[in-house]
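Asker: Chain residues, written in single-letter form:
Protein chains: 2
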Amino acid sequence: MSAFPFRLIATDGAARTGVLQTPRGDIRTPAFMPVGTAGTVKALTVDQVAQTGADILLGNTYHLMLRPTAERVRRLGGLHRFMRWDKPILTDSGGFQVMSLSGIAKVTEEAVTFRSHLDGSKHVLSPERSIEIQADLLGSDIVMQLDECVSWPAPHDRAAQALRLSARWGERSKAAFGERPDQALFGIQQGSTFEDLRRESAERLQEIGFDGYALGGLAVGEGHAAMCETLDYAVPMLPENRPRYLMGVGKPIDIVEAVARGVDMFDCVLPTRSGRHGQAWTWDGPINLKNARFAEDDTPLDETSDCPASRDYSRAYLHHLIRAEEILGQVLLSWHNIAFFQALTAAMRLAIAEGRFEAFRRDFAARHSRPADRGA
Amino acid sequence: MSAFPFRLIATDGAARTGVLQTPRGDIRTPAFMPVGTAGTVKALTVDQVAQTGADILLGNTYHLMLRPTAERVRRLGGLHRFMRWDKPILTDSGGFQVMSLSGIAKVTEEAVTFRSHLDGSKHVLSPERSIEIQADLLGSDIVMQLDECVSWPAPHDRAAQALRLSARWGERSKAAFGERPDQALFGIQQGSTFEDLRRESAERLQEIGFDGYALGGLAVGEGHAAMCETLDYAVPMLPENRPRYLMGVGKPIDIVEAVARGVDMFDCVLPTRSGRHGQAWTWDGPINLKNARFAEDDTPLDETSDCPASRDYSRAYLHHLIRAEEILGQVLLSWHNIAFFQALTAAMRLAIAEGRFEAFRRDFAARHSRPADRGA
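Protein chains in written order, with this note's numbering: chain A, -8 to 367; chain B, -8 to 367.
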């Protein structure tokens, strides 16, 4: 297939930087995709998100199929038009959130049946229906196959069962997707933290053939060290010439370590979620603006940033807004955090292109974890 | 005093348009001042507010003196710097909100003593302290005298007592304010809905001499008709050559009718408060975006507006955001509403300058109250 050309510009060790070309614009990798759960990157206008340099957003099939419904989004011209974002959108398959949010979900060979967390109504999501929602109704640029993601830790036989079901669903997803020159379909590797299962999954996916390969079943509680150990062997199992996407990750340090292992794409709700709770991510690590030590701190979060939220407002003002539970505090910290995650991926792209990624990685880890800069 | 030149450009009946010149910029009248209660126009960046054409913001002394405290704002460079708004700011005296929000307030000749609604701590607000907070600590451009605003309805003797106390406080306010070429002090007319008391109040204020004259004690439950009747006689009692400011007003129809009676300045939380609850103000009246009839309405709130929130997003999208309780829905509707109130005052300024204000007023009332356009 290879619907979208993926051009590697440079590699540095296992780390790589490149460009995934899509009809709606280039995605520079390593790429961080802000999450627009329900048709909005929470608290931000798309213009604010675009200003941070984001090349692509993620939309959630589960949320959108329940409200406003995928059919309504279609009637309103598709997800890009609905939310006014004309650059690429990747949608997840809905499977992960069906299992984590709906509470009652029943998985069979055919499909997953679940009840909406909004109104308890019953829904069925099959591989074919997920493709229909993502590719036909929402009009996503990058479509994810439906998969079954087991919780962690999982017994070997349970993880094997889930990856094999995911592989069969991957095959059905590809058949349902068919030939679409303007859209891409990504497969998802499963297998929990078992090397043999990750290998089996990677082999099955490559037999089917996808436009890109995601690593699923990580960032589900196994922790940073176990995630890195899994990536050590799991990433090289995936084709070098296609983008590799680590789903749901993560903290800046997770992202840097995954890039060091050859991952190209990321998504996470962390920047917006933690921003709404007063946390700002900085080069010196996370800080909590609620902390009294910021009450009269007249410095901005990052005076070198192009983002107004990072550059123009004092920490004292942000502290006040968060303490007073003002919406603007949530807006500015979400905006700053998205800008920081974009700045982080931009810095990695440059470091890889200039052949100094190992130094970047070491300096980042040292500076980012300085205990003196941590908020309470 | 007349610290700030006030130049009338045109009058049309009792309606007038002009410019109040301040060191931080011109205020075009009739002017609507968005309310930045706690150092933020709720949900909006100052850049978004500025983009709507607002020449001046209002800040609340009561909220700011309690959190982050006026002293802290001073140490951080004053309110303009703190919230990043370099155009004029008018601050209220704190009196109205002490009496409406703090619950327990005790008024004596000397001052009002109250407990914070945040933590129950005890505070004293005197005319002199209010001036200190506004003029010295927050660094407001237009400072309001402390007054006592009675609730409605009030017996004649109670209203008389309050206006006389307010007049004595006005005298003390002026003495405390002294000579400040870069700041202005406004007096506040009281007297409830009693013509004789409004006259007594206006006369006392003019004996003292202020840079501008506000009408207090309205929009406190008397209703549109009683407010208009009071304005019929109360506005002409105030000097023609100084700005007249109707405090806390109001709905678009209230503003148009007050302009028709010679009022120049307004403030109200309505656009942001109602925006946070899903209500949009339009030329065709208010509509509630939660209403199911907007679920697939692909039209924007106002395609002719310069405001992105009014022009670029469909009602269907706004409906979705409000239904899903997304922060962006509150942001966009607050933004749209502030833009609408600015567009309304801009349209009135033009109509007055072109000598067609009566036609504007008639057309506005007819269109704005069309029952078919009302939301449920």
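Any given hint could be a false lead.
Note that identical chains are pooled: a pair holds if it fits in a single copy or bridges any two copies.
As the list claims (entries may be wrong) - List time: in silico DMTMM-like cross-link candidates among lysine to aspartate or glutamate, alpha-carbon distance up to 25 angstroms:
| no. | residue 1 | residue 2 |
| --- | --- | --- |
| 1 | K165 | E213 |
| 2 | K281 | E317 |
| 3 | K281 | D3 |
| 4 | K165 | E191 |
| 5 | K113 | D3 |
| 6 | K78 | D297 |
| 7 | K281 | E62 |
| 8 | K165 | D297 |
| 9 | K281 | D110 |
| 10 | K113 | E287 |
| 11 | K97 | E123 |
| 12 | K78 | E294 |
| 13 | K113 | E317 |
| 14 | K242 | D3 |
| 15 | K242 | E191 |
| 16 | K97 | D289 |
| 17 | K113 | E349 |
It should be emphasised that the hints constitute simulated quantities derived from the structure, not laboratory data. If you're wondering where the values come from, they're calculated on a predicted model, not measured in any experiment.
Asker: Indicate, hint by hint, whether the structure satisfies it.
Answerer: How the hints compare with the structure:
1. Taking CA atoms no more than 25 angstroms apart as the test, K165 paired with E213 passes in neither setting, with 30 angstroms inside one copy and 67 angstroms between copies.
2. In this assembly of identical chains, K281 and E317 lie within 25 angstroms of each other by CA distance both inside one copy and across copies; the values are 12 angstroms within and 23 angstroms between.
3. Taking the shortest alpha-carbon separations for K281 and D3, neither the intra-copy value of 39 angstroms nor the inter-copy value of 52 angstroms comes in at or below 25 angstroms.
4. For a Cα distance limit of 25 angstroms, the shortest separation of K165 from E191 inside one copy, 18 angstroms, qualifies, whereas the shortest one across copies, 83 angstroms, does not.
5. Proximity of K113 to D3 under the C-alpha cut-off of 25 angstroms is found in neither arrangement, the shortest distances being 49 angstroms within a copy and 63 angstroms between copies.
6. For the identical chains of this complex, K78 and D297 are neighbours both inside a copy (20 angstroms) and across copies (23 angstroms), given an alpha-carbon limit of 25 angstroms.
7. When the C-alpha separation of K281 and E62 is checked against a cutoff of 25 angstroms, the pair qualifies only between copies, where the shortest distance is 19 angstroms, while the shortest distance within a copy is 42 angstroms.
8. Proximity of K165 to D297 under the C-alpha cut-off of 25 angstroms is found in neither arrangement, the shortest distances being 41 angstroms within a copy and 45 angstroms between copies.
9. For the identical chains of this complex, K281 and D110 are inter-copy neighbours only, at 17 angstroms across copies versus 35 angstroms inside a copy, given an alpha-carbon limit of 25 angstroms.
10. In this homomeric assembly, K113 and E287 come within 25 angstroms of each other (Cα to Cα) only across copies, at 23 angstroms, whereas the closest approach inside a single copy is 52 angstroms.
11. Proximity of K97 and E123 under a CA criterion of 25 angstroms is satisfied intra-copy only: 21 angstroms inside one chain copy versus 66 angstroms between copies.
12. For the homomeric pair K78 and E294, the shortest alpha-carbon distance between copies (23 angstroms) is at most 25 angstroms, but the shortest distance inside one copy (28 angstroms) is not.
13. Only between protomers do K113 and E317 lie at most 25 angstroms apart by alpha-carbon distance; the minimum there is 24 angstroms, versus 37 angstroms within a single protomer.
14. Taking CA atoms no more than 25 angstroms apart as the test, K242 paired with D3 passes inside one copy only; the shortest distance there is 22 angstroms, against 62 angstroms between copies.
15. Taking the closest pair of Cα atoms, K242 and E191 never come within 25 angstroms of each other, the shortest separation being 28 angstroms inside a single copy and 66 angstroms across copies.
16. In this assembly of identical chains, the alpha carbons of K97 and D289 never lie at most 25 angstroms apart, being 53 angstroms within a copy and 37 angstroms across copies at closest.
17. When the C-alpha separation of K113 and E349 is checked against a cutoff of 25 angstroms, the pair qualifies neither within a copy, at 50 angstroms, nor between copies, at 58 angstroms.
The structure is inconsistent with the numbered hints 1, 3, 5, 8, 15, 16 and 17, although it conforms to all the rest.
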